[in-house]
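**Q** Spelled out from the first residue to the last, the chains are:
Number of protein chains: 2
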Amino acid sequence: MKQLAIGIDIGGTNTVFGLVDKDGNCLAENKISTTAFEDINDYVKELSTEIKKLISSLKEEHEIIGIGMGAPNGNYFRGTVENAPNLKWKGIINFKDLFKKYFDYPVILTNDANAAAIGEMVYGAAKGMKDFVIVTLGTGVGSGFVANGELIYGNDGFAGELGHTIIFPEGRQCGCGRKGCLETYSSATGIVRTVNDMLRDSTEESLLRKYSEKEITSKIIYEAAKANDTVALEAFDFTSRVLGLALANTVAITSPEAIILFGGLSQAGDFIFKPTKMYMEYYMLNNFKNKVKLIPSALISRDAAVLGASALVWKSKM
Amino acid sequence: MKQLAIGIDIGGTNTVFGLVDKDGNCLAENKISTTAFEDINDYVKELSTEIKKLISSLKEEHEIIGIGMGAPNGNYFRGTVENAPNLKWKGIINFKDLFKKYFDYPVILTNDANAAAIGEMVYGAAKGMKDFVIVTLGTGVGSGFVANGELIYGNDGFAGELGHTIIFPEGRQCGCGRKGCLETYSSATGIVRTVNDMLRDSTEESLLRKYSEKEITSKIIYEAAKANDTVALEAFDFTSRVLGLALANTVAITSPEAIILFGGLSQAGDFIFKPTKMYMEYYMLNNFKNKVKLIPSALISRDAAVLGASALVWKSKM
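Keeping their order, the protein sequence lines are chains A and B.
Sequential numbering from 1 applies to the first sequence in our numbering.
Sequential numbering from 1001 applies to the second sequence in our numbering.
Here chain A stands alone, though its shape is the one from the complex (with noise of 0.2 Å):
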């Protein structure tokens, strides 16, 4: 009989949950809105019913055998998610506990930086690696450290806040209340910012003088950069230089064979990879110097988020 994970993404739009076999293989998959609740009951709820139809839509003979979840701030050693910023339920909810109603199942829930590592590790790039970062680059900077093939939990269950290590001390404003986060320079957001800085402060001729401030997204900065575009090839530079920096210092702390990069970002390619590994090496104690792998994701698909949750439960019998 097949054994199938579930495994659940919350995510601050969609919640995406799917059912995926010890290969990676996600059987099927579904999403519900996760704004459309108010009240986290009826959300829990609603999720349940359709993860069970999910389930009885399978022809084939199985068995599940638990669901792993991947939720902003989630806290693995208490199963709960404590004062997500992107979530509409304030305060710390216990899934753990709420999904205790609809299934029997054990529950294993971590942020989402962390589910992407375990999904890296049980099916992706980092296979038989036990040492090995993942940084998420996407409007933010996640980050999940594994050590001795087991994931870095940390005292309180939120360790691997990688985008929020201060590395100007006296730089941008950041979401979190202090100034010079990672995630203020290399994400997403991070590199409109460094753009829009450009263009108010040279008088360099680029294509993105045609948006507005708001109008520019990363994915625009990628199309200029292709397009050989001056400014967009230097944010991309700023945005990696700072990135290498991190890395560098990262790889002092921890040793690993290997950082992998993933979310928005990083699809950029060689317009983020290249750079940050020149810089990565630039900055690196003479140890360390060529010995890191710097590789994107091999999980690069729609159903990634899915996948990463699932291998939280795969792991967990290993």
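Treat the hints with care, as some may be off.
No farther apart than 25 Å at their CA atoms in a straight line, the calculated lysine to aspartate or glutamate pairs in the DMTMM-like style are these [what the hints assert, rightly or not]: (1) B:1289 <-> A:234; (2) B:1293 <-> A:150; (3) A:127 <-> B:1156; (4) B:1277 <-> A:170; (5) A:277 <-> A:223; (6) B:1210 <-> B:1234; (7) A:291 <-> A:281; (8) B:1179 <-> A:170; (9) B:1179 <-> A:234; (10) A:293 <-> B:1082; (11) A:130 <-> B:1237; (12) B:1130 <-> A:213; (13) A:291 <-> B:1156; (14) A:179 <-> B:1156; (15) A:127 <-> A:23; (16) B:1210 <-> B:1170; (17) B:1315 <-> A:234; (18) B:1317 <-> B:1029; (19) A:179 <-> B:1170.
Just so you know, the hints here were simulated from the structure itself, not pulled from any lab data.
Got chain A sorted already, so can you dock chain B onto it with the hints?
**A** For chain B alone, kept in the frame of chain A given last:
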């Protein structure tokens, strides 16, 4: 029969070794010069002879269960010391193999900061902790990271170089060849550089003005701080500010239960602990504020390095 571990600490000047029980009692201890031997084989021969003498001197019935070694640039995976800048023997020295000629016991080797971390876990301030960091503030800055109850050696065995994370990319020249590393600011030598910079750049009166640049030591700065000298106090403040920032960034990555400060500069007590704690909390991401203990080593004694080294053996039996 009492089980004992041999602990060996290879320092730049002396090599100290002792016989330690599982509660951290050092039953016998001795030392030889590290610098007196041009040939590594002569050194190992002499060290082995002296260790055997120490064992013979024990009245109590005992069983030796292993050798633990702390050494600069020690590699846990290979049992080697690799290109240690402050040892005479260049290249890669395989102590694990060299000791085989003299002892049948298993040999476990790592760098001094990692050994200190294991020492704290087995006998000291981190007993029962699964996630903590030790930072040694000596001539340089070393560190050992423990996550999920295991030391992070990293992929190549050289993890834990917090002292060589870059805090100011265009900052002070570091012995490693790069600029702005933590250890150029927050070490015994770093605070001396800070004081010399301050004396040069200001006209502030100071007890420290009676010393030449080369005469000033961290001990002298500590004495001046005790006498309420403004320059000395400001130097501690700046040293702590940089350290506090580095520690806040460290917490964001590994979320430890505690950070343990160890080594010469940590002996300055409140002069370093109070401002470091203050700046650490100032720079800390909200999630982690007021959660992480900043505590002194519980191994501060002349045996600390030997205890750390011997703890490697006990840890391997846990």
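**Q** Run every hint past the structure and note whether it holds.
**A** Now for the hints, and whether the structure bears them out:
Restraint check: the Cα-Cα separation between residue 1289 of chain B and residue 234 of chain A comes to about 36 Å, which exceeds 25 Å; the hinted pair is violated. For the hint linking residue 1293 of chain B to residue 150 of chain A, the alpha-carbon distance of about 24 Å falls within 25 Å, and the restraint holds. For the suggested pair residue 127 of chain A and residue 1156 of chain B, the alpha carbons sit about 18 Å apart, so the restraint of at most 25 Å is met. As the CA atoms of residue 1277 of chain B and residue 170 of chain A are separated by approximately 20 Å, the hinted pair is consistent with the 25 Å bound.
Between residue 277 of chain A and residue 223 of chain A the alpha-carbon distance is near 21 Å, which keeps this suggested pair within the 25 Å criterion. Under the criterion of a C-alpha separation no larger than 25 Å, the hint pairing residue 1210 of chain B with residue 1234 of chain B is consistent with the structure, at around 18 Å. At roughly 9 Å between alpha-carbon atoms, residue 291 of chain A and residue 281 of chain A fall within 25 Å of each other, so this suggested pair holds. Taking the CA atoms of residue 1179 of chain B and residue 170 of chain A, the gap is about 19 Å. The hint holds against a cut of 25 Å.
A distance of roughly 23 Å separates the Cα atoms of residue 1179 of chain B and residue 234 of chain A; the hinted pair therefore holds under the 25 Å criterion. Between the alpha carbons of residue 293 of chain A and residue 1082 of chain B the distance comes to roughly 22 Å, so the proposed pair stays at or under 25 Å and holds. Straight-line distance between C-alpha atoms of residue 130 of chain A and residue 1237 of chain B comes to about 39 Å, which puts the hinted pair past the 25 Å bound. Pair hint residue 1130 of chain B plus residue 213 of chain A does not hold up; C-alpha atoms about 47 Å apart against a cutoff of 25 Å.
The straight-line distance between the Cα atoms of residue 291 of chain A and residue 1156 of chain B is roughly 9 Å, inside the 25 Å bound, and the hint therefore holds. For the proposed pair residue 179 of chain A and residue 1156 of chain B, the alpha carbon gap of about 34 Å is over 25 Å, so the pair is violated. For the suggested pair residue 127 of chain A and residue 23 of chain A, the alpha carbons sit about 11 Å apart, so the restraint of at most 25 Å is met. Proximity of residue 1210 of chain B to residue 1170 of chain B is assessed by CA-CA distance (about 31 Å); at most 25 Å being required, the pair is judged violated.
Between residue 1315 of chain B and residue 234 of chain A the alpha-carbon distance is near 50 Å, which puts this suggested pair outside the 25 Å criterion. Simply put, residue 1317 of chain B and residue 1029 of chain B have alpha-carbon atoms about 23 Å apart, close enough for the 25 Å limit, and the pair holds. Our distance criterion of 25 Å between C-alpha atoms is met by residue 179 of chain A and residue 1170 of chain B, whose separation comes to about 19 Å.
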